[in-house]
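Peer 1: Spelled out from the first residue to the last, the chains are:
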Amino acid sequence: MKTGQATSLDRIRAVARRDWAVRRSYQFDLAFRMVGLLSSVATFFFISKLVGDAPALEDVRYFEFALIGLLVINGATVAMHSLKGAIAQERADGTLEMILSKPVPLWTVLTGSLVVPTLFYLAEVVLMLSFAVVLGSRFPLGGLLVAMPLLILTLVAFAIMGLFAVAFIVLTKRGEPITFVILQGTTLLAGAVFPAALLPAGLEVLARFIPAFYGLNGLRAAMLEGAGLFDVIDEIAILCLFIVVLAPVALWVLNRALRIARVAGTLGSY
Amino acid sequence: MNSESHEPRDLILEVHQISKHYLPPPPWLRPLVRSAADEPVTALSDVSFHVAPGEVVGLVGPNGAGKTTLIKILTTLLEPSEGWATIGGSDVTEQAAEARRHLGVVLADDRGLYWRLTGQQNLEFFGVLSGLSMQAAAERATDLIHKVGLAERDKRVFGYSTGMRARLSLAIAQLGEPHLLVLDEPTRSLDPAASQEVLSMLRGFADDGGAVLLSSHRIAELVDVCDLLVVLTGGTVRFVGQPHELASDTSQQARALLALLSEPRA
Numbered sequence: 001m002k003t004g005q006a007t008s009l010d011r012i013r014a015v016a017r018r019d020w021a022v023r024r025s026y027q028f029d030l031a032f033r034m035v036g037l038l039s040s041v042a043t044f045f046f047i048s049k050l051v052g053d054a055p056a057l058e059d060v061r062y063f064e065f066a067l068i069g070l071l072v073i074n075g076a077t078v079a080m081h082s083l084k085g086a087i088a089q090e091r092a093d094g095t096l097e098m099i100l101s102k103p104v105p106l107w108t109v110l111t112g113s114l115v116v117p118t119l120f121y122l123a124e125v126v127l128m129l130s131f132a133v134v135l136g137s138r139f140p141l142g143g144l145l146v147a148m149p150l151l152i153l154t155l156v157a158f159a160i161m162g163l164f165a166v167a168f169i170v171l172t173k174r175g176e177p178i179t180f181v182i183l184q185g186t187t188l189l190a191g192a193v194f195p196a197a198l199l200p201a202g203l204e205v206l207a208r209f210i211p212a213f214y215g216l217n218g219l220r221a222a223m224l225e226g227a228g229l230f231d232v233i234d235e236i237a238i239l240c241l242f243i244v245v246l247a248p249v250a251l252w253v254l255n256r257a258l259r260i261a262r263v264a265g266t267l268g269s270y
Numbered sequence: 001m002n003s004e005s006h007e008p009r010d011l012i013l014e015v016h017q018i019s020k021h022y023l024p025p026p027p028w029l030r031p032l033v034r035s036a037a038d039e040p041v042t043a044l045s046d047v048s049f050h051v052a053p054g055e056v057v058g059l060v061g062p063n064g065a066g067k068t069t070l071i072k073i074l075t076t077l078l079e080p081s082e083g084w085a086t087i088g089g090s091d092v093t094e095q096a097a098e099a100r101r102h103l104g105v106v107l108a109d110d111r112g113l114y115w116r117l118t119g120q121q122n123l124e125f126f127g128v129l130s131g132l133s134m135q136a137a138a139e140r141a142t143d144l145i146h147k148v149g150l151a152e153r154d155k156r157v158f159g160y161s162t163g164m165r166a167r168l169s170l171a172i173a174q175l176g177e178p179h180l181l182v183l184d185e186p187t188r189s190l191d192p193a194a195s196q197e198v199l200s201m202l203r204g205f206a207d208d209g210g211a212v213l214l215s216s217h218r219i220a221e222l223v224d225v226c227d228l229l230v231v232l233t234g235g236t237v238r239f240v241g242q243p244h245e246l247a248s249d250t251s252q253q254a255r256a257l258l259a260l261l262s263e264p265r266a
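Going down the list, the sequences are from chains S and L. Position one of the first sequence corresponds to residue 1 (my numbering), numbered consecutively onward. Position one of the second sequence corresponds to residue 1 (my numbering), numbered consecutively onward.
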């Protein structure tokens with residue numbers, strides 16, 4: 001490679017720097033988001049008082065149970081909306097065609113589009129957990145360390161499902177069912193705010209096809225019960241399997257959607 | 001395209017019998033894909049011409065002639081139905097990534113800029129996407145800011161005048177040191193003085209060994225700056241030649257070109 005040539009990392013950094021500069025220019029948005037998060041945590045704190053010691057949760061308080069569900073739902077929202085939102089925004093701004101006319105692999109642009117939202121999300125996780133500690137929650141330090149890879153793998157799985165949403169958006173311009181289905185599935189079936197064991201038997205089986213189910217189980221085991229890395233190895237392996245299987249399919253579907261738009265001449269229309 | 005079917009020679013751009021038919025999507029895709037056409041529409045038919053280094057080529061035609069369709073094909077954003085085009089010897093469909101390395105683009109309007117970023121930030125971002133490292137992109141951005149005379153590089157683009165945005169778009173197009181600039185109506189919103197400056201820059205780019213394909217409705221400007229004119233009407237090439245082939249002096253050339261565009265097709 002010649003000196004002065006961009007590496008893939010340069011391209012990812014350039015997209016992240018651009019996003020950071022744009023996001024910094026909307027400071028009120030950031031402040032309101034922080035207030036909204038703390039408000040959500042507080043809401044679950046008071047619901048937890050209402051729920052009390054629910055038998056279905058065994059020895060776990062509902063507040064911490066729901067807090068982890070909230071972290072995963074927020075992560076799913078960030079991962080799925082970041083990619084879809086990036087493509088929709090670029091198209092509305094007219095910059096999508098400019099980017100696609102440059103000699104840059106699309107995956108670097110998409111990966112770059114995840115960097116700033118993911119960093120903000122991780123900062124939000126720290127803020128939410130800190131607020132929970134202020135409200136009386138305690139998390140084992142070792143469990144938090146084990147939670148990190150689980151959280152990252154869960155985010156990656158959601159981001160890959162987000163590629164299917166991007167493919168839809170490339171074709172339909174607005175409105176796609178993937179994000180709705182995944183987020184509703186995570187909330188209702190995967191056990192984000194109540195244990196999946198409460199679901200009827202058929203639905204509980206369906207939950208096992210949602211990566212968030214494994215992410216939530218692993219995160220709760222690590223953060224609430226202090227499980228070690230080997231205790232959650234099954235969850236880690238299944239999340240990796242989801243990623244390895246879904247990633248090539250999602251990329252193929254996205255490339256196919258781009259090809260259809262290139263033939264139809266609808267790449268830049270919105 | 002069979003790569004052995006033509007020789008790149010010294011040509012920067014070669015367009016060979018390009019046709020584009022917009023077809024309505026197949027029934028199973030219609031709920032998903034929006035299409036402007038319910039019936040098949042032929043936007044381009046059998047378009048051929050070429051551009052050599054040092055040339056400024058004007059693409060002229062009335063609204064709906066197929067100019068933007070052709071520009072989108074050449075900038076790898078749209079696939080032709082038939083025919084092929086190469087930029088620097090690379091096919092725009094089958095070797096799109098390679099073709100893009102030779103290409104600088106200014107799309108219609110100034111929507112291809114990030115309005116919340118400064119001019120410098122826009123240049124650095126697109127510089128990396130054009131293949132430059134972060135440091136090389138920053139250095140190239142500084143050079144180009146001086147070259148196109150872009151004052152207030154640290155001002156956000158939404159505060160720029162139309163002329164400044166045109167200069168910035170032109171600078172972005174040159175970031176990757178392309179061999180060919182393709183511009184879709186770059187002077188459309190500019191006053192005559194700003195327009196003349198942009199055209200002088202394009203002339204300078206060609207004089208330095210690059211090539212320019214320029215779409216415009218401003219006929220007087222085209223006959224003044226272009227070495228070659230490609231006239232499109234109804235998706236077909238009506239005329240390819242030097243302005244002096246139309247008439248001897250520039251005012252008559254403009255009039256002859258206008259007459260050509262107004263004539264009903266036989």
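These are computed hints drawn from the structure, not numbers from a lab. Worth double-checking, as some hints may not be accurate.
Claimed, not checked - For lysine to any residue, the following SDA-like pairs were computed, each having C-alpha atoms within a straight-line distance of at most 25 Å:
(1) Lys-173/S - Ala-108/L
(2) Lys-173/S - His-146/L
(3) Lys-173/S - Pro-25/L
(4) Lys-173/S - Pro-26/L
(5) Lys-147/L - Ser-25/S
(6) Lys-173/S - Leu-23/L
(7) Lys-155/L - Arg-91/S
(8) Lys-155/L - Arg-24/S
(9) Lys-173/S - Thr-93/L
(10) Lys-173/S - Lys-147/L
(11) Lys-155/L - Asp-29/S
(12) Lys-173/S - Gly-64/L
(13) Lys-147/L - Tyr-26/S
(14) Lys-155/L - Lys-173/S
(15) Lys-173/S - Trp-28/L
(16) Lys-147/L - Arg-23/S
(17) Lys-155/L - Arg-23/S
(18) Lys-173/S - Pro-27/L
(19) Lys-173/S - Val-41/L
(20) Lys-49/S - Pro-25/L
(21) Lys-155/L - Ser-25/S
Peer 1: Determine for every hint whether it applies to the structure shown.
Peer 2: Against the structure, the hints come out as follows:
1. Lys-173/S - Ala-108/L: Answer holds: Lys-173/S to Ala-108/L is near 20 Å, not above 25 Å.
2. Lys-173/S - His-146/L: 39 Å, violated
3. Lys-173/S - Pro-25/L: The hint holds at about 15 Å.
4. Lys-173/S - Pro-26/L: Judged against 25 Å, a Cα distance of about 18 Å means the pair holds.
5. Lys-147/L - Ser-25/S: 28 Å, violated
6. Lys-173/S - Leu-23/L: Between Lys-173/S and Leu-23/L the Cα gap is close to 18 Å, so the pair holds against 25 Å.
7. Lys-155/L - Arg-91/S: Roughly 24 Å between the alpha carbons, so the hint for Lys-155/L and Arg-91/S holds.
8. Lys-155/L - Arg-24/S: 15 Å, holds
9. Lys-173/S - Thr-93/L: Given that 25 Å is the threshold and the Cα spacing comes to 23 Å, the pair holds.
10. Lys-173/S - Lys-147/L: 38 Å, violated
11. Lys-155/L - Asp-29/S: Judged against 25 Å, a Cα distance of about 22 Å means the pair holds.
12. Lys-173/S - Gly-64/L: 24 Å, holds
13. Lys-147/L - Tyr-26/S: Measuring from Cα to Cα gives roughly 32 Å; hence the hint is violated.
14. Lys-155/L - Lys-173/S: 32 Å, violated
15. Lys-173/S - Trp-28/L: 17 Å, holds
16. Lys-147/L - Arg-23/S: Since the Cα atoms of Lys-147/L and Arg-23/S sit roughly 30 Å apart, the hinted pair is violated (cutoff 25 Å).
17. Lys-155/L - Arg-23/S: The hint holds at about 16 Å.
18. Lys-173/S - Pro-27/L: Status holds; Cα separation ~18 Å.
19. Lys-173/S - Val-41/L: Holds: Lys-173/S and Val-41/L sit about 22 Å apart, inside 25 Å.
20. Lys-49/S - Pro-25/L: 56 Å, violated
21. Lys-155/L - Ser-25/S: 13 Å, holds
Hint compliance for this structure: hints 2, 5, 10, 13, 14, 16, 20 are not met, and every other hint is.
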